[in-house]
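Q: Take a look at the letters that make up each chain.
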Amino acid sequence: MPELEFVAPKTAEEAVRALAAGAGKARPLAGGTDLLVQMKSGRAKPSAIVDLKRIPGMIGIREAGGAFVIGAATPGVLLGEHAALVAAWPGVVEGANLIGSTQIQGRATLAGNLCNASPAADSVPAMIAAGATCVIVGAKGRREIPVEQVATGPGQTSLAADEFVLEIKLPARPPRSADAYLRSIPRTEMDIAVVGAGVNLTLDAGGKITAARVALGAVGPTASLVPEAGAAIVGTTLDEGALDALDAAARAAARPIADKRGTVDYRIKIAGVLARRAARIAYERAGARS
Amino acid sequence: MSKLHITTTVNDDPAEFLTDPSTTLLDALRDNLGLTGAKEGCGSGDCGACSVMVDGRLVCACLVLAAEAEGRRIETIEGMAQGGTLHPLQQKFLEHAALQCGFCTPGLLVAAKALLAENPDPTETEVRYWLAGNLCRCTGYDKVVRAVIDAAAEMRQVRRAS
Amino acid sequence: MTDILDPPKLKVVGTRPIRPDGVDKVTGRAQYGADLVMPGMLVGRIKRSAHAHAKIVSIDTKKARALAGVKAVITAEDLPNLGSEEYEAGEGGGDLRDLSLNVMARSKVLYEGHAVAAVAATSAAVAEAALDLIEIKYEVLPHVIEVEAAMAPGAPVLHANMFTQGLPEKATKPSNIARVNKLGRGNLDEGFAEADVVMSGRYTTQGVHQGYIEPHACVASFSEDGQSTVWSSSQGQFMVRTYCSKLLDLDVADIRVIPAEIGGGFGGKTTVYLEPLALALSRQAGHPVKLVMTRDEVFRATGPTSGAVMEVKLGAKNDGTITAADIVLKYQAGAFAGSPVGAGSMTAVACYNIPNVAITGYDVVTNTPKVAAYRAPGAPIAAFAIESAIDELARKLDMDPIEIRLKNGVADGMKAVYGPTYTNIGYLETVEAIKNHPHYAAPLGPNQGRGLAVGFWFNIGGESTGAVHINDDGSATVVTANPDIGGSRASMGMMAAEVLGLPVELVRPVVGDTTAIGFSGLTGGSRTTFATGMAVTRAAEKVVEDMKRRAALTWDVPVEQVAWENGAAVCLDASKDVKPLSLKAIAGRSGRTGGPISAEVSLTAQGAGPGFAVHLCDVEIDRETGHVTIVRYTAAQDVGRAIHPSYVEGQIQGGVAQGVGWALNEEYVYDADGRMENAGFLDYRVPVASDLPMIEAIMIEVPNPRHPFGAKGVGEVPIVPPLAAVANAVRGALGVRMCDLPLSPPKIRAVIDAQAG
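Chains as they are written, first to last, in this note's numbering: chain B, 1 to 290; chain R, 1 to 162; chain W, 1 to 757.
Accuracy of the hints is not assured; some may be wrong.
Calculated lysine to aspartate or glutamate pairs in the EDC-like style (CA-CA distance at most 20 Å, straight line) [to be verified]:
1. B/Lys53 <-> R/Asp55
2. B/Lys53 <-> R/Glu70
3. W/Lys63 <-> W/Asp132
4. W/Lys396 <-> W/Asp319
5. B/Lys40 <-> R/Asp20
6. B/Lys260 <-> W/Glu146
7. B/Lys10 <-> R/Glu70
8. B/Lys45 <-> W/Asp296
9. B/Lys45 <-> R/Asp20
10. B/Lys40 <-> W/Asp132
11. R/Lys3 <-> B/Glu5
12. R/Lys3 <-> B/Glu3
13. B/Lys260 <-> W/Asp296
14. B/Lys25 <-> R/Asp20
15. B/Lys260 <-> W/Glu677
16. B/Lys260 <-> W/Asp683
17. B/Lys40 <-> W/Asp296
18. W/Lys63 <-> W/Glu128
19. B/Lys260 <-> W/Asp673
20. B/Lys45 <-> W/Glu128
21. B/Lys40 <-> W/Glu677
22. B/Lys40 <-> R/Asp31
23. B/Lys260 <-> W/Asp671
24. W/Lys55 <-> W/Glu77
25. B/Lys260 <-> W/Asp740
26. B/Lys10 <-> R/Asp55
27. W/Lys435 <-> W/Glu392
28. W/Lys542 <-> W/Glu463
29. W/Lys108 <-> W/Asp95
30. W/Lys747 <-> B/Asp265
Worth flagging that the hints you see were computed from the coordinates, not collected in a lab.
Can you build the whole structure from these sequences, using the hints too?
A: So this is what it looks like as structure tokens:
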């Protein structure tokens, strides 16, 4: 039987060394809500588990100048309890907090959701829309990339075997900005998104949208930014025409597959519906801040 | 396979055990410590029957490695009744007949206790969403939700009186 | 039979005491199947087929046996190769050879997840490694999943020796249609000729699982002298004993089965999967063996109930009188014959007094797990079709859906299509209760719809034993052999307490093992409170008679001069200046008055009153996403008499929740290779707490004179109406009839898009 090793390094450097020693078969552990399920089903057979949670700074949220730095092992429940983060990035927090149950929220992390690289990951469209970046450490040092560059396909990431995500960064934002995330699932809770949509926008004093980012999940191999959808509402007050254009742009960008969770046709239509609804929520939130 | 020696706290008592790196906290509680109140209904975090608290946070013990418990504070259903007295939630579950087969009950109770610690006066909707990760196939949740709301009311009253 | 006691005289029955096993269950102390640990116990694992249909060319277990820590490896070669033999066990029955082949495949695997070999080892890790070392060569065969595909000419044949039963002429070619059964009366042509309005529809459902939260689990210990003990979570310890005896060719007396607490069954634990294998492993290993399924195994290898295709044609006069019903039911049986299509046929129109009826049922084998009983087996499926069709018929007639149910509803003295003449039924009372409920007249909001549906279930009696032991301190112990799934110990204790005149806290009911109490059929068919309750009541009456006799001796009066009131013997002879003798006093002196006071009664209970349920459901539809929200649900049911009303309500609410799941989201999904794609609670979507509203349960009490307290079975009928109640509500909200369950969001959105053109 293959030996499995468990290590809980106290520094990022030690963690990188442990991952490097695993030569691709070592897996970092944060919340474990994906990794342990994969191990149980036999899909993952790691040689070593590197628990990142004992590295200082890995759990916790730091705020500086309106920007946020979120330790990669910070569970969803802590995001929801951070009043300033919820106020600044309600959409990112609601995306994170939609992952699984209350129990899952006690463990699951933004970074884990990102690196699991599921096209349906709930927090990822919201993070992409937010313009979040992540700091990655590895044997070659640190690098910072936009979150949309992490997943390269279902279950595939751009991280090297010795790399892991150290933290997620959310930028400082202009006034009258807000975001929102919505997903569609068959039940009211506990399901994987059939479609997800994140919208992040900024208004001018007159209520006109000056900047918008729209990202979709579960309608392609990775969650992705849809620039045309954002462009469709910039310069508008989110009137019906703008919403129609947004809806059309989201549908046009959706390239879903049919599976046990939804049909192609359904996913395309719902991408439009959710983009509309999330945009309305984000718009109302931003408007309430003027 | 080399075993790890884990020292932890379970229901306020020190506990230690040897475990394989791949063993879950659920299996360690059940097999090493003999605490079989937490149940395995799915092993994938979808049913909540293994709900326990780790450092004051509600989690599924099937999705925590036993090795992660080192130095942590674990609370299980076995620690819920204190000194021979049932917790108000336990008492209300009995009074409301909020259990049928009883298999999901320990998990529901641990989760409900975590809810009331955070939100002493939850609405029906808040109870339903908080407990959405605890599957119950017998009751249709009706009496479970009523029991939690009733226990919350009683606990608020006790708190006001004291 | 004694008279039914008048409700005002009852002190315990009808109250809501705390269940006797409750504290153990809220403290985590209760021991379920997987909780037991034995000294020297080994861990077992099962090797399962990855193919939906294949010939087993060879199985090589040499490498697995050679692995350090492996103590036993078994295949079908280690079990007796049984001949065909019919068996009967509570709900459903079948062929012992099929049961044996389902427990362990021999020469052919018939579904993905079919057990092929099993190992026992010193640890789970070793056992799992051993499974990987078992080498199996398969010759993969074409497979068939859907029921009509399996019936079609040229379909892959599962069993070369299966010739359709029930045909007018003897079948000459093997077929996947195990049986065709026909049921009916009157003359269909005349019935339709009388009709002013005819409607017909085709309805389909997918396989669904019982979804109990506790996976199957057992521990078996086989001793060198041939005696063995099995601890298991099941719906019947005697059922487990019988099957282990038959499948392993062991003497019944050599097997002791001890029931663990059971974490839900809903019919799915009325058969065996693990126990014979654990015994065979233990026999080979010389140690106790524990076998526990994973959730994945539960979905792939146990349960489920049938997916079905149904055709319904109804005829009615303009005044709403239904004149004819022509019904065809095609049910998946899974890998072996024995779908619940027979019960589906019998229950289909049991709520209606229709003169001309023809029902044809097809029992069809498919490359899916052998179906197991699921709460009112077969009835919810048929009711979905019939109640949808009745709803459409009412619309065609421009008739209130409740009026068509009242006009054609069954009442005492009417003969059911399936045979008996109804007596003491409460169907019309139950319909009236819904008609008069504020819910029925409440206004609906935008995008909302209201659905009504009715349902029937036979309920059964059968063989039961109950024992009552009076302890010398004045308390009582009640022993039955029926695993307590939903609070039946409470009702057993309450019925005994009522007869004995004791406070319910002084009566402790337990579930005994197969050596502690006489034979009893399993917990199923909604029979326990009725049949076992009858045995317990009779046993309590016997000990009361004994205590009265002892009091009579003490007072030197004839026993006829002694009454039993409020837990004490009372002397009716006014000439005697004696105080009543309490049960406690009599019990304390039992050693000097004839010895222990105790009685055990075994009986075959007959006269279980059928259950009728009428459900009303409001839904709201999100027309953009296709989501259905259950906004209100009211369920009325004739319960005979509620022994413990809280647990009766709980049965109703639980049945509704399962039915709603069946209606909206639950289904077995297979890929092109016949492998289940959603074998977990993530994608097999049972309702969660936030999916449901409160469920109002209304208990209608039309007592059953054949039960000492008037009880009727209550556990099954509440799952019969919800599929159609939800579908009818969706019909109301959408304006379009949806005939294919589940009513999942993509299907609803597609209908809305089609409406928009």
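Q: Just to be careful, I want the Cα atoms of R/Lys3 and B/Glu5 compared with a cutoff of 20 Å; is the pair within it?
A: 10 Å, holds
Q: B/Lys260 and W/Asp683 were given as a pair; does the straight-line alpha-carbon distance stay at or below 20 Å?
A: Distance ~8 Å between B/Lys260 and W/Asp683 Cα, so the pair holds.
Q: So if I understand the rule, the pair passes when the alpha-carbon distance is 20 Å or less; does B/Lys10 with R/Asp55 pass?
A: Holds - the C-alpha atoms of R/Asp55 and B/Lys10 are around 19 Å apart, at most 20 Å.
Q: With a cut-off of 20 Å on the C-alpha distance, tell me whether B/Lys45 and W/Glu128 pass.
A: 13 Å, holds
Q: Next pair to validate is B/Lys25 with R/Asp20; report whether the Cα-Cα distance is within 20 Å.
A: 18 Å, holds
Q: Hint check: B/Lys40 vs R/Asp31, CA-CA at most 20 Å. Holds or violated?
A: 17 Å, holds
Q: Keeping to a limit of 20 Å between CA atoms, is the pair of W/Lys63 and W/Glu128 held or broken?
A: 13 Å, holds
Q: Checking one constraint from the list: CA of W/Lys55 to CA of W/Glu77, max 20 Å. Satisfied?
A: 15 Å, holds
Q: Can the restraint linking B/Lys53 and R/Glu70 be considered satisfied, given a maximum Cα separation of 20 Å?
A: Given that 20 Å is the threshold and the Cα spacing comes to 12 Å, the pair holds.
Q: Quickly compare the C-alpha distance for B/Lys260 and W/Asp671 to 20 Å and report which way the hint goes.
A: 9 Å, holds
Q: Are the Cα positions of W/Lys747 and B/Asp265 separated by 20 Å at most?
A: 11 Å, holds
Q: Check the hint pairing B/Lys260 with W/Asp296 against an upper bound of 20 Å on the C-alpha distance.
A: Since the Cα atoms of B/Lys260 and W/Asp296 sit roughly 16 Å apart, the hinted pair holds (cutoff 20 Å).
In this structure, every one of the numbered hints holds.
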